[in-house]
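Student: Fit chain B to the given chain A structure using the hints.
Protein chains in written order, with the working numbering: chain A, 1 to 181; chain B, 1 to 93.
The set of hints was computed from the structure by calculation and includes no laboratory data. Wrong hints could be hidden among the right ones.
[Unchecked claim] With a cut-off of at most 30 angstroms between alpha-carbon atoms, the simulated DSSO-like pairs for lysine-lysine come out as follows:
#, chain 1, residue 1, chain 2, residue 2
1, A, LYS97, A, LYS111
2, A, LYS120, A, LYS97
3, A, LYS97, A, LYS10
4, A, LYS10, A, LYS111
5, B, LYS25, A, LYS2
6, B, LYS25, A, LYS97
7, B, LYS25, A, LYS111
8, A, LYS52, B, LYS25
9, B, LYS25, A, LYS10
10, A, LYS2, A, LYS111
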Amino acid sequence: MKLILNYIRKETWSPYVAGVLLGLVGIAAVWASNSLLGASGAFENIAGLIGKAVAPAAFDNLYFNFIMPPGITYGVMMLVGLFFGGMLGAATSGTLKWGKKDAANSDEQWKRIFGPQTWKRWALAFVGAIVLEYAAGIAGGCTSGLAISGGMLLAPAAFLFIAGMFASGIITALLIYRGRY
Amino acid sequence: MTSLILALVFGGGFVFALNKAGLTKYHKIVNVFRFTDMAVLQFMMTALVVSMLGLYGLRAVGLIQFPNIPATYIAGNVIGGLIFGIGMALTGY
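Bound-form chain A, shown alone (with noise of 0.2 angstroms):
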């Protein structure tokens, strides 16, 4: 026991170990209520929510009344608990930045190739989160909910998809690592 808790309190851990953890964790989703894990549908569900409320004219559309219906769902609620269990897991290794000076820009690897400026990085987080969210509404999910949710149904969609993030995201590191690689 003593073990375990010591464990946990590990900032990292092996990625088998936490591998196996998000297996168990995605059995018991399908098990207990029959969904998948999934991320960016829900900001999709939001931002219909919103669009709905803001300019209905433009969102009363194929997409958003079909597809992507707006409202409180079951993903957005799950949203809600991967931002909970983000900090919990943070906590537990002591690395919760919470208010503290470098905590919205503090990866080293990130400072060296981009430089220390944090706007910096706040506006590419933000230009590439548009890309991220665009992309995995043409493909119909994102890293969790398509390629590690479809890819344990063995559907085919994930991994034509994983095959494609891993093309161009080589090609994009390739570009943004010229010369230091």
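Tutor: Coordinates of chain B only, in the frame set by chain A:
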């Protein structure tokens, strides 16, 4: 209502695992694309194998039914994946 609370718990467990594997950090995500740190793949593939075995096993004994399997439309999945990879390498999501 119970299903919404379950969603909270599963979401929490999911990111707890991600966090402990270090995948909530930029350098872990980018380094898999630079082939210097394979934690993302080790994590993802372990999760896939465990849940595949569990899910197909449970279905074989009739305890669960599969939810809707994500639709396959080749162009969408591949193009979406290609754009997603760019965002992933940029933000470290």
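Student: Give a verdict on every hint.
Tutor: How the hints compare with the structure:
1. Between LYS97/A and LYS111/A the alpha-carbon distance is near 18 angstroms, which keeps this suggested pair within the 30 angstroms criterion.
2. For the hint linking LYS120/A to LYS97/A, the alpha-carbon distance of about 20 angstroms falls within 30 angstroms, and the restraint holds.
3. Between LYS97/A and LYS10/A the CA atoms are separated by roughly 16 angstroms; this keeps the pair inside 30 angstroms, and the hint holds.
4. Restraint check for LYS10/A and LYS111/A: the C-alpha separation of about 25 angstroms stays at or below 30 angstroms, so the hint holds.
5. The hinted pair formed by LYS25/B and LYS2/A meets the criterion: a straight-line CA distance of about 28 angstroms does not exceed 30 angstroms.
6. A hinted pair counts as satisfied when its Cα atoms are at most 30 angstroms apart, and LYS25/B with LYS97/A qualifies at roughly 13 angstroms.
7. Between the alpha carbons of LYS25/B and LYS111/A the distance comes to roughly 13 angstroms, so the proposed pair stays at or under 30 angstroms and holds.
8. Distance restraint check for LYS52/A and LYS25/B: the Cα-Cα separation of roughly 34 angstroms exceeds the 30 angstroms cut-off, and the hinted pair is therefore not satisfied.
9. A distance of roughly 16 angstroms separates the Cα atoms of LYS25/B and LYS10/A; the hinted pair therefore holds under the 30 angstroms criterion.
10. For the proposed pair LYS2/A and LYS111/A, the alpha carbon gap of about 38 angstroms is over 30 angstroms, so the pair is violated.
Of the numbered hints stated above, those contradicted by the structure are hints 8, 10, listed in ascending order.
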